[in-house]
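Each chain is listed here by its residues.
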Amino acid sequence: MTDVASNDQPQAVAEVSRAGRFVFVAGTVLMCAWVLVPIYLLLVNALSSPAQVTGFPKTGLPGFDFGSLQFFIGFSGVAKALWNSVLVAVLTMVFAIGIGAPAGYALSRFDFPGKSAFRLLVLMTRAFPLPLLALPIAVMFIQVGLDDTPIGLALVHTTLAIPFAVLITFSIFSGIPVELEEAAWTLGCNRAQAFQRVVLPLVLPGIAASAIFAFTISWNEVFAASVLTVQNRTLTAFLLQSLNVSPLHLKFAGGAALVVPALLFIFAVRKYLFAMWGIANR
Amino acid sequence: MPQRALPYLLLLPATLFLLVFFLYPFVQIAVLAFSDGQSFTLEHFQTMVGHWKFPATFWNTILLAAIVVPIQLVMALAMASVVMRLKTGRNTILYIFTIPLGLSDLAAGIIWLAIFEQSGFLNSLLVSLGIVGKPILFLGYQNIWVIFIAVVLAEVWRATAIVMVILVSGMGLIPKEYYEAAEVFGASPWQRFRKVTLPMLRPSLQTALILRTIAAFEVFAVVVALGGTTLPVLVGETYNWQFNLRDPNVAAAYALVILAISIAATLVYLRVLRVPKGATI
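Each protein sequence line maps, in turn, to chains U and D. So in the working numbering, spot 265 of the first sequence is number 250, and the numbers just go up one at a time. So in the working numbering, spot 136 of the second sequence is number 125, and the numbers just go up one at a time.
Isolated chain U, as found in the complex (with noise of 0.2 Å):
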């Protein structure tokens, strides 16, 4: 630079990161965009009358009609395909947590020989297509007499939240002060009775959180559900199986159906996606 430009050369710069802000604000714009477009998209036309969604061409504006989602919810096995989806998935975060929060609480507490061992039956389950055990499963199944029951397939996605439910809980717990529980001991308490008064309802919202997170996961969950369920079929089993059959308004509604209480638990969750994910790398 010469000494004749350094009168502009403020001015340069300030005009250059103008312009890397405006890249950088028009690309988190465009981001957004790819995310939410299509899911308005898709509610666009879940909140179509059928005419309008085999109509073309499609305006991007929703018809406000409901005809469609009527349709669907009166759809010979919908309701009880709903149901089921609900069944499996409290299920599944039932035992989820039964399971998983013990399990994270010793590895948040304890030193102990086999910890390293049970962290790493843990992160195994995390390398393998999970969903694939449906099929010896099945086979299992059939011979206690699970087969085709809600109990069975939460079973199966249990053994996909335990991973997520130890993580969480392990490092939920983690972050609770072990003097904490010190001090409530010296003060007379027993472990249970200091877990009960003082752990946990600082863990509560944690719990609630994994909780959720496993719920999403037995809600979201397709081939497992279409490989052990025939008579009771989830709804993502239910939707997978009429694909090739069902009239497109249908399986726009049910797409809805699957996508909107996603969305309200992942808002729920969002606080702790994090602390699992950030603990999932060590």
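Be aware that one or more of the hints could be misleading.
Unchecked claim - Computed list of lysine-lysine pairs in DSS-like fashion (alpha-carbon distance at most 25 Å, straight line): (1) D:Lys76 x D:Lys184; (2) U:Lys256 x D:Lys165; (3) U:Lys256 x D:Lys76; (4) D:Lys76 x D:Lys165; (5) D:Lys165 x D:Lys184.
Since the hints were made in silico from the structure, they are not lab data.
Guided by the hints, dock chain D onto chain U, whose structure is given.
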């Protein structure tokens, strides 16, 4: 109750559960694939490989993963960098970016079906802009490659979020001092990204790539929603053999193929992106 036994007692349910529903089925799946009831056989694998659909199925799956995963990595790095630089509205943007994380692959397939089907939004746009005269049948068997592109888009759309979340939490662990030092030495933003962020992010990259690649080999519902069985993939064929051809043994053989390529990919990532001992933050 002795204190020493407590941790084992707490781990017992989870361990038992994983033994019964994780390790045991793995043994079972191998038994299904390698035996005909009494003795060892490779018959099921021969049936699988001999079927005319197998080569296409196998290479479709590999090719999908090979295209989807790198795109997702680049996009997730961009999104994570944006999130890290944001000061205002960080939480909102972060929530928007993570939305697809909570959606099922089936829902993602249906969402992109709304765009690509013949009376869908892409055709509406193309016709209204006058680019084409009448709507095109994108998802027919005549042009499998369009189905392929639609699947790639849907997969990138749905599953980039998980990579981004892992990378954001990894970036949060990189000490600010490294960036300050790089700035003092005059490193440009791009150089800082190349010389500080990427190397420090190695453990997160490893986790993200392993998870995503395995999930990419499992692609199923997206493909079914967009192309039915026109574009065969490994999990789709597993399902097909289990249900339509009623041969659980061949289905198990397919499952073992998916398992094998998943483990192979995991080992490659562990080796290529290995973190030197003592080099963690």
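Each hint, compared with the structure:
Annotation: proposed proximity of lysine 76 of chain D to lysine 184 of chain D holds, straight-line Cα distance about 24 Å (limit 25 Å). Taken as a hint, the lysine 256 of chain U and lysine 165 of chain D pair is honoured in the structure, with Cα atoms around 22 Å apart against an allowance of 25 Å. Under the criterion of a C-alpha separation no larger than 25 Å, the hint pairing lysine 256 of chain U with lysine 76 of chain D is consistent with the structure, at around 17 Å. Taking the CA atoms of lysine 76 of chain D and lysine 165 of chain D, the gap is about 16 Å. The hint holds against a cut of 25 Å.
Only pairs whose Cα atoms come within 25 Å are accepted, and lysine 165 of chain D paired with lysine 184 of chain D is accepted, the gap being roughly 14 Å.
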